[in-house]
Amino acid sequence: MNKTIRRASVFTLLLVFALLFRATWVQFYEGRALADDKDNRRNAIALYSEPLGDIVVGGEAVTGSARTTSGDLRYKRTYTDGELYAAVTGYSSQVYGATQLEGIYQDLLDGTDIRLKNVLGTVTGKRSDPGKVITTVDPDVQKAAYEALGGKKGAAVAIDPETGRILAVVSTPSYDPSDLATGDTSAWQELQKDSDKPLTNRALRRPLPPGSTFKLVVAAAALEDGLYSSVDERTVSPDPYELEQSDDTLTNKNLSAPCENASIRVALQYSCNNVFGKMAVDLGQDKVRAMAERFGFNDDERDVPVRAYASVYPNDMDEAQTALSGIGQFDVTATPLQIAMVSAAIANGGELVSPHMVSRITDSNGDVLENYDDNASTERIVSSSTAEQLQSAMRTVVEEGTGTNARISGVTVGGKTGTAQHGENNSRTPYAWFTSYGKSDATGKQVAVAVVVEQSDAARSEVSGNGLAAPVAKAVMEAALKD
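Residue numbers (the numbering used here): 1 to 483.
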């Protein structure tokens, strides 16, 4: 064969192989990436070609699908009481994707979850009937929390301590997911520009300084470590407490409160900063951190099943910083979910049942695909003795101390207030916290609650956990414990 022809043949053959390789690469590798690309319109057309499955609260669907009148997307997502349940459902948008439960269970809700396939569907590739997400949320408790927060910027979480079922997840101000369902750019831009950030789930994904609610964690560490044998043993706590390596001192808001060398019970009752600042230093930051982490702090994989932001107890502090951490300041942060978990573990005799807001997922016929209630794990956080003592001390807070606005007739209530500094040198309005547990005297039914109010119409001098957050917690507990 002519040498030139032979070389041309080899070169042509190499080009053919290159084309075959490229075609194979595009089809089997890049093809999948292109198919999954968020900008691929075909995905949205397929997703909204049929009605989606529902998210269910209290036996009733709070989501739906409506036929569109124009465009290439046949259906759009609809929401019942959208603002009330936005922190639970999230949104499913034709343009902006899906969040919260809508995003986590998108395959189940659009019928592409492999667990929904039958034999015929597997062979034909036909999309299955969508499944359902059955939540643990109690509509009465959710509504009570939402209405009690009213126009305030804040959040509330309620948990059944015995089961870990989340009864309420509320974040205010809220938004209506229906406004985003069709990709209305004006609604999206308005929400993005809103300085109150209504799209942020404050209950699960906005850690803030927890203030004096964190004193429960420090008290638990002191009792478990044996630093103090009971909540009624007098501590060694000068008032004011001079911070080492600092020119500052820890003082108390109520200057006449009996905080010098106060017991844990009295220190919780009057929210004595000097006692818990000194206690954190005496324990050392490592022991406080260990207890905080047992309650759930520093866990960046907390799924309920929505991924909650980690609540943080910091490292590498000096003594002054450790003292401030003991009163929930410095770099300590917590979500309302985390603080509710603290009260839930205490209320449940020292055991924390993993919190979850989905009870089960089912197929279109109601057959259970996964039961999260049955799979909830339980972990002992503190001894039953420590839990009982903290329950007793928290009752004193409500009955005789700083949390009297949470009292409920016929219910045993324990709580802890918190007012956390905000801004440089506390220049901005403080955050108001309240966490509590309630137990019905008639039925024994229990609930644990955490509330934070970031901002309200109250004057700065009137901002307190008891004044702003405790009434919200009271309304939530009443709704959860009603006969």
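Hints listed in this document are in silico derivations from the structure and should not be mistaken for laboratory results. One or more of the hints may lead you astray.
[Said to hold, decoys possible] Restraint-style ranges between C-beta atoms, simulated for each label pair:
#, residue 1, residue 2, range
1, D318, D225, 39 to 47 Å
2, E190, Q245, 43 to 51 Å
3, E301, T378, 17 to 25 Å
Yeah, the Cβ is synthetic: ideal placement off N, Cα and C, and Gly gets one too.
Hints versus structure:
1. D318 <-> D225: 39 to 47 Å: Violated: the Cβ-Cβ distance is about 21 Å, outside 39 to 47 Å.
2. E190 <-> Q245: 43 to 51 Å: 48 Å, holds
3. E301 <-> T378: 17 to 25 Å: 18 Å Cβ-Cβ, so the 17 to 25 Å window holds.
Going down the numbered hints, you'll see the structure goes against just number 1.
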